[in-house]
Structure formats: C-alpha cells, structure tokens
Amino acid sequence: MLKEGQLAPLFVLPDADMESVDLAAFRGKYNVVLFFYPKDGTPGCTLEATDFSDHEEEFLAKGCVVIGISRDDCLKHAEFRDNNGISVRLLSDSDTAVCKKYGVWQAKEVDGVKRYGIARSTFVVDKQGVLRLTMYGV
2 MLKEGQLAPL FVLPDADMES VDLAAFRGKY NVVLFFYPKD GTPGCTLEAT DFSDHEEEFL
62 AKGCVVIGIS RDDCLKHAEF RDNNGISVRL LSDSDTAVCK KYGVWQAKEV DGVKRYGIAR
122 STFVVDKQGV LRLTMYGV
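According to the numbering used here, the stretch in the sequence shown is residues 2 to 139, in order.
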C-alpha cells in the first residue's frame, strides 16, 4: 500500500469519452483527488460519484480536480455518467495496472472463495505529485 509523502504513481488512462488522461499533466497546476471504486451503477459507487460531482465546484475553488477510476470500460463509464449526472472524469483501468500500482486491487473472501476486486479508496495528490492523503477501504 502507498503511504503519504510518497510520489504518486504516474499513469495515462482513457476517460468516458475515450480521451487519454495523464496524471503528470496536472503537476504544477492542480491537486488531484483520485477515488477508486468497484463498479459503475452499484448503489455505493453511484452515491460516491454523484457526491463528488455535487461538490466539484468546491474542489475546483480549492485548486483540486476529482477523478474516479474503476475497471469498467469507457462506454460503460459514459452511460453511468450520463444516466446519473456525473460531472467528474471517470477513467477506465480495464487491465487493473493502475489499481495494482495504487494497492487497491485486493483479495476479498466471499463465502469461503477468494476473489480480487477494487477496495474503495481515495488519494489526494498535491501539485508536486506527492501523495498527501491515502485512505484505503473507505
């Protein structure tokens, strides 16, 4: 798991409109709030994404952009965004490479069966690319 004070792992992922988003592009310009969530359309994930969207202007006023990441593909993200009025960018990490870099791809045991999935987690990356907040399992 990542710790506060470390450099945030860099990545480039596609968003719901299939445009590439490069974390490095925010350096020197914005703080970044990254939230990793399990799946588009589930009640908890919908609440999280819409809540971040409802407060997006407040984040921007503080120099922060908010980005959500899950394994869902770009088309599913676009449908999720459009159906729920989500304004924050949603990125697709379909191969889990970024989830693994951030330590959110974790084993869960359900009914005695070990399965992997995204542990709902939030990170704050400052303008210099340093992790200032790491919250796993939120």
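Keep in mind that a hint or two might mislead.
Claimed, not checked - No farther apart than 30 Å at their CA atoms in a straight line, the calculated lysine-lysine pairs in the DSS-like style are these:
| id | residue 1 | residue 2 |
| --- | --- | --- |
| 1 | Lys-63 | Lys-102 |
| 2 | Lys-4 | Lys-40 |
| 3 | Lys-101 | Lys-4 |
| 4 | Lys-109 | Lys-128 |
| 5 | Lys-109 | Lys-40 |
| 6 | Lys-115 | Lys-77 |
| 7 | Lys-63 | Lys-30 |
| 8 | Lys-40 | Lys-128 |
| 9 | Lys-63 | Lys-109 |
| 10 | Lys-77 | Lys-40 |
| 11 | Lys-77 | Lys-102 |
| 12 | Lys-115 | Lys-63 |
| 13 | Lys-4 | Lys-30 |
| 14 | Lys-4 | Lys-115 |
| 15 | Lys-63 | Lys-128 |
| 16 | Lys-63 | Lys-40 |
| 17 | Lys-115 | Lys-30 |
| 18 | Lys-102 | Lys-115 |
| 19 | Lys-109 | Lys-4 |
| 20 | Lys-40 | Lys-115 |
| 21 | Lys-30 | Lys-109 |
| 22 | Lys-109 | Lys-77 |
| 23 | Lys-102 | Lys-4 |
| 24 | Lys-30 | Lys-128 |
| 25 | Lys-30 | Lys-101 |
| 26 | Lys-102 | Lys-30 |
| 27 | Lys-115 | Lys-101 |
| 28 | Lys-101 | Lys-77 |
| 29 | Lys-101 | Lys-128 |
| 30 | Lys-101 | Lys-40 |
None of these hints come from the bench; they were simulated from the model. Small disclaimer: the values here were computed from a predicted structure and weren't measured.
Satisfaction of hint between Lys-77 and Lys-109, Cα-Cα up to 30 Å: holds, 24 Å
Given pair status - Lys-101, Lys-30, alpha carbons within 30 Å: Satisfied, since the Cα-Cα distance of roughly 26 Å is no more than 30 Å.
Agreement of Lys-63 and Lys-109 with the hint, judged by alpha carbon distance not exceeding 30 Å: With Cα atoms ~36 Å apart, Lys-63 and Lys-109 exceed 30 Å; violated.
Restraint check for Lys-4 with Lys-40, where alpha carbons must lie at most 30 Å apart: holds, 25 Å
Restraint check for Lys-101 with Lys-128, where alpha carbons must lie at most 30 Å apart: holds, 23 Å
Satisfaction of hint between Lys-30 and Lys-4, Cα-Cα up to 30 Å: holds, 22 Å
Agreement of Lys-102 and Lys-115 with the hint, judged by alpha carbon distance not exceeding 30 Å: holds, 21 Å
Agreement of Lys-115 and Lys-101 with the hint, judged by alpha carbon distance not exceeding 30 Å: holds, 17 Å
Hinted pair Lys-115 and Lys-30, Cα distance within 30 Å: The given pair, whose Cα atoms are some 41 Å apart, is violated under the 30 Å limit.
Straight-line alpha-carbon gap Lys-115 to Lys-63, limit 30 Å: violated, 41 Å
Pair hint Lys-101 and Lys-77, alpha-carbon separation not exceeding 30 Å: With Cα atoms ~21 Å apart, Lys-101 and Lys-77 stay inside 30 Å; holds.
Hint consistency between Lys-109 and Lys-40 [alpha-carbon to alpha-carbon, up to 30 Å]: holds, 15 Å
Of the numbered hints given earlier, the model fails hints 4, 9, 12, 17 and 21; all others are met.
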